[in-house]
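Chemist: Listed here are the chains, written in short residue letters.
4 protein chains.
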Amino acid sequence: MIGIKEASIDVYHGLLALQHRGQDACGILSFDKISNGFYLDKGHGLVGNHFSEDRFSKLSGDIAIGHVRYPTVGICSIRDAQPFFIESKGGIGMAHNGNVSNVCEIKEKLVRNNWYINSNSDSEIILKCFADGLSHCGTVQGLFDAVKYVFDNAYPSYSSIAIIAGKGLLAFRDTRGIRPLVFGKKITDGKTSYAFSSETVALNNLGYEVERDVRPGEAIFVDMTANFHSQQIYDDEHKHCMFEWVYFARPESEMEKRHLYHVRERLGSEIAKELKHLKADYVIAVPDTSRTAALSIAGSLGIPYKEGLIKNRYIGRSFIMNCQNQRENCVKLKLNVVHPNVKGKRLIVVDDSIVRGTTLRIIAGMLRQAGAEEIHMVSTCPPIVAPCFWGVDFPEKDELVAYEKSVSQIRDEMGVDTLTYMTMEALKKAVGIDDLCIACLGGKAPTCTKHIAAFANMRKSERNSGV
Amino acid sequence: MIGIKEASIDVYHGLLALQHRGQDACGILSFDKISNGFYLDKGHGLVGNHFSEDRFSKLSGDIAIGHVRYPTVGICSIRDAQPFFIESKGGIGMAHNGNVSNVCEIKEKLVRNNWYINSNSDSEIILKCFADGLSHCGTVQGLFDAVKYVFDNAYPSYSSIAIIAGKGLLAFRDTRGIRPLVFGKKITDGKTSYAFSSETVALNNLGYEVERDVRPGEAIFVDMTANFHSQQIYDDEHKHCMFEWVYFARPESEMEKRHLYHVRERLGSEIAKELKHLKADYVIAVPDTSRTAALSIAGSLGIPYKEGLIKNRYIGRSFIMNCQNQRENCVKLKLNVVHPNVKGKRLIVVDDSIVRGTTLRIIAGMLRQAGAEEIHMVSTCPPIVAPCFWGVDFPEKDELVAYEKSVSQIRDEMGVDTLTYMTMEALKKAVGIDDLCIACLGGKAPTCTKHIAAFANMRKSERNSGV
Amino acid sequence: MIGIKEASIDVYHGLLALQHRGQDACGILSFDKISNGFYLDKGHGLVGNHFSEDRFSKLSGDIAIGHVRYPTVGICSIRDAQPFFIESKGGIGMAHNGNVSNVCEIKEKLVRNNWYINSNSDSEIILKCFADGLSHCGTVQGLFDAVKYVFDNAYPSYSSIAIIAGKGLLAFRDTRGIRPLVFGKKITDGKTSYAFSSETVALNNLGYEVERDVRPGEAIFVDMTANFHSQQIYDDEHKHCMFEWVYFARPESEMEKRHLYHVRERLGSEIAKELKHLKADYVIAVPDTSRTAALSIAGSLGIPYKEGLIKNRYIGRSFIMNCQNQRENCVKLKLNVVHPNVKGKRLIVVDDSIVRGTTLRIIAGMLRQAGAEEIHMVSTCPPIVAPCFWGVDFPEKDELVAYEKSVSQIRDEMGVDTLTYMTMEALKKAVGIDDLCIACLGGKAPTCTKHIAAFANMRKSERNSGV
Amino acid sequence: MIGIKEASIDVYHGLLALQHRGQDACGILSFDKISNGFYLDKGHGLVGNHFSEDRFSKLSGDIAIGHVRYPTVGICSIRDAQPFFIESKGGIGMAHNGNVSNVCEIKEKLVRNNWYINSNSDSEIILKCFADGLSHCGTVQGLFDAVKYVFDNAYPSYSSIAIIAGKGLLAFRDTRGIRPLVFGKKITDGKTSYAFSSETVALNNLGYEVERDVRPGEAIFVDMTANFHSQQIYDDEHKHCMFEWVYFARPESEMEKRHLYHVRERLGSEIAKELKHLKADYVIAVPDTSRTAALSIAGSLGIPYKEGLIKNRYIGRSFIMNCQNQRENCVKLKLNVVHPNVKGKRLIVVDDSIVRGTTLRIIAGMLRQAGAEEIHMVSTCPPIVAPCFWGVDFPEKDELVAYEKSVSQIRDEMGVDTLTYMTMEALKKAVGIDDLCIACLGGKAPTCTKHIAAFANMRKSERNSGV
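Chains as they are written, first to last, in our numbering: chain R, 655 to 1121; chain S, 655 to 1121; chain L, 655 to 1121; chain U, 655 to 1121.
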């Protein structure tokens, strides 16, 4: 999310690589040490649609941070888009990835401390919480103390990056390390620059050498002359989000020293063990995330992999008539059936996960209509039975298809012949990490849950009032 | 490209499915029999970006035609975008796919006959040529006679659809059938409607039953009450464009009674015969077109297929810094390397075709940089050695990498270890049609070439003056 | 409306000077003899808002015509904005000022003759009628014969200018000369150019010497080398619109050899004769048109002229809350009262004319509220009692405040102390022309009225369905 | 500039009335006590062009302030447009009219006190200076103390209005009262609301009763329940800007208990005393400001007043070809000559003031070309010989036509027959105030001038770098 030297354009190119993490809004904040100015540009929609060459003439400076918004809380107005910046405390800009689950409590404290809150964004809250804890911005220790103040007040999840006007760039990752955050280094013409990003794919594209993940509870500060400072503020139990491995992160990325592509292949080979009894003609994937696992399943089972559904890659957010009311219409225009691979065939259909189940039900219907003889559905994620308060936008329980239902009930609802879910053990084995956050699969919450109820209520009412 | 009943929205949804055929400009023309009005809306760029819900309120009527522009001739201004319509001869609107190769000659004739020509579009020429040949629009035979006049004056390629104001919809395909044109039928609540399209994928998405290809030299007229009229005006030798099979058409489509997916698989299995000697770890595809063939090659050779390059599906036409000068930058941001599938591996890399070779050279460099040990490049299309004057935008000879070069020269230029091209015989076998247009592969021109030189000059000068 | 050499920019500057004649839409059509291309750009609203520097790069050529739309018939869509052009008959573009009162009849004839009509604009009708009558565009006489065909088929009013592609510029004024049309000449560096315009103010601004009015029933053609041809096709009774003198034309203009400023002064001095009995402190004007007459009245009566109402010249078409429902709000924000000139004063308030009476009633209320002691209203136009079918957008009879009411009734409705209207005789004396068209004042229609009823009905239904 | 209840729309309507005070940029800031949110919308250009109905849905709340920008310092980017707001100190928004002449000095102090400065706007400086001085925002006295801190640190001129989030509205006028500031009161349905504005014309239009001018050195606070608090913080010598009376303020307004219309009439009758010797046919005004004085001169001299130049009220900021290089072109299109009132006439031409003299020279040329026999120029303002650092955008000395020149030199440069300037004594007599700020006429500066040189340098360099 950040680079030093020709910064805003690097950030922009980096955001293009991270677009899969959020398509709702985008923004870039740069800082120019010559004019001593912050320059901010936020917009709705895709990075590549909002930003054009002329916008960069106004985003000068050698420090910049950017953000793509994936809305989990709050109605999606531009005032809630990141980054944010404040004009007191010497000037601080910030963006983050995650969800502060005790946001209501902190907000009250900040207002008591004379801060005015102007949006529904968690990012504004973390920024002002940080500023509130910042007594002296003149020293690196002063900055790290303010990060400690954030850790002490704000419940995870948050991976944050901040511009300290005239000083440098600060990054920190919550004490549980729920959301990812990596950084890399590049030396050009003898000058060093650093970049922080949610995923390595953005660093690779910009020619940065990946250094390592920012550690849970760690704060890193890079000053204007590229001196690197780090402090391990807390050392808590790591609780990396399991859904990053199953769906969210790019297969080209690497996290916690593991290649995502390998993890997804292992998801396939693990679940293939449960599918040995099936007689099928082809394995097909619901594009695009599950293709890696589907290829791996096909290889393990010795059944040919075919493209049975192809995504129309031009549709994006195009207007589709009746798309709101009749989701079927939507799915039909976005996914084309490859008839010769479906008609009269027994299919193993692989998807990365099943949340509401709506899309899969429509896809099953499309395959049946195209003449599929048998449909054996496979989800490389175990049943999702609880909402997430730590950064993933799952719906309320009653909209989750797996909530309080047996697999056979879900199978019937999907209208498929068999349905096979990943097991929890196989998931951990495939990822190779034991201490994942699996709250959405019915596991333990990764943080204290004292304020979750208030948070859940707030979110519910916002969803109802939202558009 | 056309539907009857709620027409413009159907056409729009159809254009979304045909977007791969042209991303430069788009347009929809509707005709409303109640107001007796033509309604036209053209725009730059993608269908889904240009059209929004409110635009359709102005595109009323139960006949509509649409177009996505893939520029082969002419500077890309909106005045050259299709469809076109004229206000004499009772009102006629038209769009087409293809290139009229004797356009200069017809233009002169039209001006002599008192027609004013207002664009650089072939479509305007075909439209006015049709109008020039139309003496009585009151009868179906009058329309067919005007189509004959077009056939007699305009050299292929063109697959055209026209709205005859107040009368109905007319479609015709040039006598050599170079460009595809299919049609389908739908019966809703007892009412019949017809739709014509370059590919079946658009008909499938809209719920039309595919009837058949429009035959080369055939004209079809559907009147306002959905009566169907057809006339085989000429019966010439069919010369279907080979590049449609190799690259252009969607794998989900069906043409001339063949599934594209099957043809592409056969392209893979045919070329695999030439690759048996290779020792490789993985087969990878240059996404997206060549994936089908790559999977088939992997299967034939018993070598695992892996995703080695992944396309960033959000980038589209986003601004990329230095993209004009340093194409490398562009390719690097659009394609991500999946490092674990490349590093230290011997790769068979499959692409559908090699035109200029620029992209492939960059990709080879990226794979080497990512640690690929061997790169064995495969093109499922034979060497392209001549430009196309019949609808495909290949560059001049001297920009074609294969022009007057041996395979080993090209291989060295690409910087790969081996390079294998499809043979002409294998191509014909894979497609299953003997009489393809293979002019770009060094074969015979599909039309008289008397005016090609003039046409080539005009196009050259336009390319030089263009932006 | 038209200039030769650097034409579109001259036309644009000319339209700025004619903006008072229509603020609804605007358009410029240029013809470039080098590319042989027509270039058209139409937009909603003001000329200066729609056109910007970059638009002119696309409006090349040394012939151009332009138009500002004042809607009298038809719903105001862009497709109805002028100019229009057609692509048959060698290419012809046209704009006009006026109203063809037998438009329905001509439309039928044109459709019979195989013309497709695509808008609700009279201009399209005149253009196609002209094209229909044009058998040979190669000679000047052929063009004049086609003008005669228009005169024979289309009832006045229309003052038209046309571009004949590759040939030159044609102007003609209907046989009654209801709407104005003048032309001027400029010699720059030995090269002659001509410009036609509704008013002299545009010619003055562009440095053209005013030559004369185009005569009723006359056609003028200027070819590409600036040769001038004229023909008096018909020589009918002249019926110049009286409202041009009273309100429409700029006081800076000159028409039929009379200065508008002088005419308006005489309107003041004539009506002052009726006001001698009044005891008043100040004469004030309802800005801006009536200021000239008000100054003249003040001079004649020996009563001081003061600015009592000042127009906010920035408001234009700005959004004003509740402006639709509560016209009062609107008027109050657009006109400011100068309190010291109103409070406790006996006022003679001069306006150019009274149509609906709504605005005047609100103004009277504002003046009363500001403390005016007496309000003596003066209209320099006689009572308007009938709609106009020849180019002025008066409402239907029942919305005209003077229709079937006595002056004392109107006075009471306005809420003023006295109300004095211009007499018919004084009006003619002030203008200095006897044969004015005074149909709206209850006089004889200037054309045959056979088709007026049909026209009135069509307009009524359009008004009802309009937005 | 501010209203309570339906606030942003009232502010918008008020800004429409104040548009003459600045056309460069505009902005509205509202505060909604229900959401506790600030809502800000700034744009380039005219209020009525930028704001449209839908923008108001996002400007909710019952407090709002607005601003129209007349740039005196700083390059005109949107980031410099007012109002501004900050998110610390409980949230404060502010707009002002004027120029802080020791801005560089205060900026340094603010940065030392850990404020980040993000624009070139004085308004941001006053706001942060106020925030810096605000130790307790809980009490009214705390607010007034912070105003005193501003008075102690920032040199005039500034008339400021501020929203204190959740508390109310604060207005204060610098200790010299250089720029105007008035307020009014309205009682609707038993509820009281207050509005502050630079001029009474905005209050009148919105139905507020004018209460009085805010006094120099006074601070006024209106809380959320419309309780009114005032404190006279300093009581210095009043130095009202003379140019407000001569040019800036609307003739419909009232300032310091004087009607502007009366003052302008007296400017005319005073200067008429110097013109008695002239033999002239007509008095004409350079529209629009000088019309009042011109009418008064005509009356005093017994010479008829005529409209000799008429402003095209549609042109505004329309694109005009060559307007940058050839100012003549511009003036010619913006002002039309009324030929019969000029040709062969001896004219007294009245303008409010002469700054650069460029426009007047062009006007004189236009009048000569139109045949004026004699031109007697009159300026109702004495010679302007010095730039202004207190809120009026006069150019540097060497661009002022009157700088170090005699009246006869200026007369010759203008190309007029005689030139008469207002005298200083007559000016004071006409305004009726002795203690005006007349620094631009060569009088004493209204503030300490210690920092003026630094300020002048900064402005000069900005002007040179500006576009």
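Fair warning: there could be bad hints in the mix.
Heads up, the list lumps identical chains together, so a pair's fine if it works in one copy or across two of them.
Listed below are the simulated SDA-like cross-link pairs for lysine to any residue, each with C-alpha atoms no more than 20 Å apart in a straight line [claimed, not checked]:
hint : residue 1 : residue 2
1    : Lys-1098  : Asp-890
2    : Lys-999   : Gln-886
3    : Lys-965   : Tyr-803
4    : Lys-1059  : Gln-886
5    : Lys-933   : Val-765
6    : Lys-988   : Gly-699
7    : Lys-988   : Gln-677
8    : Lys-927   : Glu-1079
9    : Lys-687   : Asn-767
10   : Lys-988   : Gln-673
11   : Lys-840   : Asn-690
12   : Lys-911   : Gly-1011
13   : Lys-965   : Lys-1082
14   : Lys-839   : Gln-1023
15   : Lys-930   : Pro-1041
16   : Lys-1082  : Asn-966
17   : Lys-712   : Asp-695
18   : Lys-1051  : Ser-706
19   : Lys-763   : Ser-789
20   : Lys-933   : Ser-711
21   : Lys-840   : Gln-886
22   : Lys-687   : Glu-1079
23   : Lys-965   : Asp-942
24   : Lys-763   : Ser-689
25   : Lys-761   : Gly-792
26   : Lys-1082  : His-913
27   : Lys-965   : Lys-988
28   : Lys-696   : Tyr-803
29   : Lys-696   : Ser-773
These are calculated hints, taken from the structure and not from any lab test.
Chemist: Does each hint hold? Answer for all of them.
Modeler: Consistency of the hints with the structure:
no.	hint	in the structure
1	Lys-1098 with Asp-890	within (15 Å within a copy, 70 Å between copies)
2	Lys-999 with Gln-886	neither (56 Å within a copy, 38 Å between copies)
3	Lys-965 with Tyr-803	neither (46 Å within a copy, 42 Å between copies)
4	Lys-1059 with Gln-886	neither (43 Å within a copy, 61 Å between copies)
5	Lys-933 with Val-765	neither (63 Å within a copy, 68 Å between copies)
6	Lys-988 with Gly-699	both (18 Å within a copy, 19 Å between copies)
7	Lys-988 with Gln-677	both (17 Å within a copy, 17 Å between copies)
8	Lys-927 with Glu-1079	within (13 Å within a copy, 43 Å between copies)
9	Lys-687 with Asn-767	between (30 Å within a copy, 19 Å between copies)
10	Lys-988 with Gln-673	both (19 Å within a copy, 12 Å between copies)
11	Lys-840 with Asn-690	neither (25 Å within a copy, 45 Å between copies)
12	Lys-911 with Gly-1011	neither (32 Å within a copy, 36 Å between copies)
13	Lys-965 with Lys-1082	neither (30 Å within a copy, 29 Å between copies)
14	Lys-839 with Gln-1023	between (52 Å within a copy, 18 Å between copies)
15	Lys-930 with Pro-1041	neither (32 Å within a copy, 52 Å between copies)
16	Lys-1082 with Asn-966	neither (33 Å within a copy, 28 Å between copies)
17	Lys-712 with Asp-695	both (9 Å within a copy, 19 Å between copies)
18	Lys-1051 with Ser-706	neither (41 Å within a copy, 34 Å between copies)
19	Lys-763 with Ser-789	both (17 Å within a copy, 19 Å between copies)
20	Lys-933 with Ser-711	neither (60 Å within a copy, 51 Å between copies)
21	Lys-840 with Gln-886	neither (23 Å within a copy, 61 Å between copies)
22	Lys-687 with Glu-1079	neither (52 Å within a copy, 52 Å between copies)
23	Lys-965 with Asp-942	both (8 Å within a copy, 11 Å between copies)
24	Lys-763 with Ser-689	between (34 Å within a copy, 17 Å between copies)
25	Lys-761 with Gly-792	between (26 Å within a copy, 19 Å between copies)
26	Lys-1082 with His-913	within (15 Å within a copy, 42 Å between copies)
27	Lys-965 with Lys-988	both (6 Å within a copy, 17 Å between copies)
28	Lys-696 with Tyr-803	neither (28 Å within a copy, 36 Å between copies)
29	Lys-696 with Ser-773	both (14 Å within a copy, 18 Å between copies)
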